[in-house]
Amino acid sequence: HRWNLLQLECWLKYRIIGEMGPASSGKTHSAAIHALSDYYAWSDCTTVLVSSTEREMLEMRVWGEIKRHHRMAKERYNWLPGELIESKQRIVTDDRSMFAEGRDFRNGICGVPCKKGGEYQGLGSFAGIKNKRVRMVADEMHLMPRVFIDAIANLNKNQDFKCLGLGNPKDTTDALGLLCEPSAEMGGWDGGIDQQPKTKTWNTRFDQGVCIQLPGSDCPN
Numbered sequence: 183h184r185w186n187l188l189q190l191e192c193w194l195k196y197r198i199i200g201e202m203g204p205a206s207s208g209k210t211h212s213a214a215i216h217a218l219s220d221y222y223a224w225s226d227c228t229t230v231l232v233s234s235t236e237r238e239m240l241e242m243r244v245w246g247e248i249k250r251h252h253r254m255a256k257e258r259y260n261w262l263p264g265e266l267i268e269s270k271q272r273i274v275t276d277d278r279s280m281f282a283e284g285r286d287f288r289n290g291i292c293g294v295p296c297k298k299g300g301e302y303q304g305l306g307s308f309a310g311i312k313n314k315r316v317r318m319v320a321d322e323m324h325l326m327p328r329v330f331i332d333a334i335a336n337l338n339k340n341q342d343f344k345c346l347g348l349g350n351p352k353d354t355t356d357a358l359g360l361l362c363e364p365s366a367e368m369g370g371w372d373g374g375i376d377q378q379p380k381t382k383t384w385n386t387r388f389d390q391g392v393c394i395q396l397p398g399s400d401c402p403n
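With the sequence shown counted from 1, adding 182 to any position gets you our numbering.
Everything labelled a hint here was simulated from the structure, so no lab data went into it.
Even for Gly, the Cβ is constructed at its ideal location relative to N, Cα and C.
Take the hints with a grain of salt, since some may be wrong.
What the hints assert, rightly or not - Simulated crosslink set (DSS-like; lysine-lysine; CA at most 25 Å straight-line):
| id | residue 1 | residue 2 |
| --- | --- | --- |
| 1 | K312 | K339 |
| 2 | K270 | K314 |
| 3 | K249 | K312 |
| 4 | K270 | K312 |
| 5 | K314 | K352 |
Claimed, not checked - Computed Cβ-Cβ distance ranges for the label pairs, DEER-style:
| id | residue 1 | residue 2 | range |
| --- | --- | --- | --- |
| 6 | E238 | K352 | 30 to 40 Å |
| 7 | Y222 | T354 | 11 to 21 Å |
| 8 | G208 | Q303 | 45 to 55 Å |
Sequences and hints are given; from them, build the entire structure.
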């Protein structure tokens with residue numbers, strides 16, 4: 183439907199994408215299939231980081247959706263890349279036969295919980311990751327503190343980087359609010375976004391950045 187097409191269009195066209203919408207608006211589903219398809223096409227040089235709050239929430243949200251679609255895809259096309267390592271919340275391009283030579287864990291999809299024991303850990307250990315192509319899908323960004331944006335800025339130093347941040351609009355000062363803030367030319371959040379309950383996009387403060395707003399009242403379902 184038109185929301186899927188809009189989400190795909192923005193994934194292909196922009197570098198930093200913020201997506202605001204209510205629960206059950208398909209944000210996580212679309213993000214999962216776009217990231218997975220992107221990985222399949224360049225599996226030998228792509229790192230995809232998918233984050234949420236706790237490990238359990240990863241299973242219930244974006245990582246769980248990626249796993250489900252990966253299994254469905256492999257059942258239909260067993261030649262597709264990616265071996266699932268359930269215990270590590272990873273899909274790795276190198277198969278088990280590479281153990282003797284040393285598996286490269288950079289190529290693949292990795293689930294990253296940002297909270298452990300209720301305390302925010304962020305993406306500190308992944309901030310310096312390097313690969314030809316780096317992708318990031320951040321679910322529940324409205325529950326992340328402002329410093330989460332620093333990790334995105336760090337990963338953005340990779341030449342071919344793309345970030346998609348998802349969440350329910352909550353506060354203009356949380357991580358999602360900062361990611362989706364309208365550009366300086368638009369006057370930021372103070373500039374006044376059109377409040378008509380229609381699906382819309384606008385340029386953000388990030389270079390090649392866009393925000394997608396999905397109002398529940400305009401849902402194509």
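| field | Distance restraint evaluation - G208, Q303, Cβ atoms, bounds 45 to 55 Å | value | For G208 and Q303 the Cβ distance comes to about 29 Å; the hint is violated.
| said: Would the hint linking K249 and K312 be met if the CA-CA limit is 25 Å? | reply: 24 Å, holds
| said: Please check whether E238 and K352 have a Cβ separation lying inside 30 to 40 Å. | reply: 21 Å, violated
| message | Just to be careful, I want the Cα atoms of K270 and K312 compared with a cutoff of 25 Å; is the pair within it? | response | Holds. K270 to K312 sits at ~20 Å (cutoff 25 Å).
| said: Can you confirm whether the C-alpha distance between K312 and K339 stays at or below 25 Å? | reply: Given that 25 Å is the threshold and the Cα spacing comes to 9 Å, the pair holds.
| query | Within a Cα-Cα threshold of 25 Å, do K270 and K314 meet the stated pairing? | reply | Status holds; Cα separation ~23 Å.
| said: Does the beta carbon distance between Y222 and T354 stay inside 11 to 21 Å, or does it fall outside? | reply: Since the Cβ atoms of Y222 and T354 sit about 36 Å apart, the hinted range of 11 to 21 Å is violated.
| query | Does the alpha-carbon distance linking K314 and K352 stay inside the 25 Å limit? | reply | Violated, because 34 Å separates the two Cα atoms, which is more than 25 Å.
The earlier numbered hints that this structure contradicts are 5, 6, 7, 8.
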